[in-house]
Amino acid sequence: MPKKSFLNLAIIYFFILINFTSLYAETQSNVGGEHIAVMDMDMMILPGTQGYLEDTIKSAEDNNAKLIILTLDTPGGMLNTTQEMIQKIFSSKVPIVIYVSPTGASATSAGVFLTLAGHIAAMAPGTTIGAAHPVAGDGKDIEGDMRAKAENSTISMVKAISEQRGRNVKWAEQAVKESSSITEKEALSLKVVDLVADDLDELI
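Quick note on the working numbering: the sequence shown kicks off at 1 and runs consecutively.
Treat each hint with caution, since some may be false.
[As the list claims (entries may be wrong)] In silico DSSO-like links for lysine-lysine, alpha-carbon gap of 27 Å or less:
hint	residue 1	residue 2
1	Lys149	Lys88
2	Lys88	Lys159
3	Lys159	Lys170
4	Lys159	Lys177
Calculated directly from the structure, the hints in this document are not laboratory data.
All figures in this text were calculated on a predicted structure; none of them were measured in a lab.
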């Protein structure tokens, strides 16, 4: 392998490693005698992200946690990884709160699906959710017949999640079809999320 190619791969690996270590943290806390697990997910949704979620759920279940709070700030990521994470959320024995935070954070693309899948969906003031139209792996629009297939599959997925959680199916479909994006106030009004909380203390 040419030295330049090897160096490029090393740089990519380094940034992926940073993404999965520096931007992820799990903490355990007790509130009013209740054990709560908090997981920070400030990153792209990539295969390693799924492993962190699985570990958090297992740890919470093993420690009899009453709640898992996943603070989310993501530009999106891989749809197949997102699907697997959603399955884990739905099968978790411990209720999971997806909390889009802090102020300025967004649940974009894959983040929409994760937020809708939470047992409870919450957002901090000054956050956004939406723009879930499927794109190719390089971030470009999908062309031809595959575009319709990808869009229809993604719409079916987001509708199923929203129906299961009793959330706004119409808006969820718009997030995919039209890349609709809304603020936390709009999300609360449209019943996309359950509540708005300033911080973890208010959320709990």
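Flag every earlier hint the structure violates by its number, smallest first.
none
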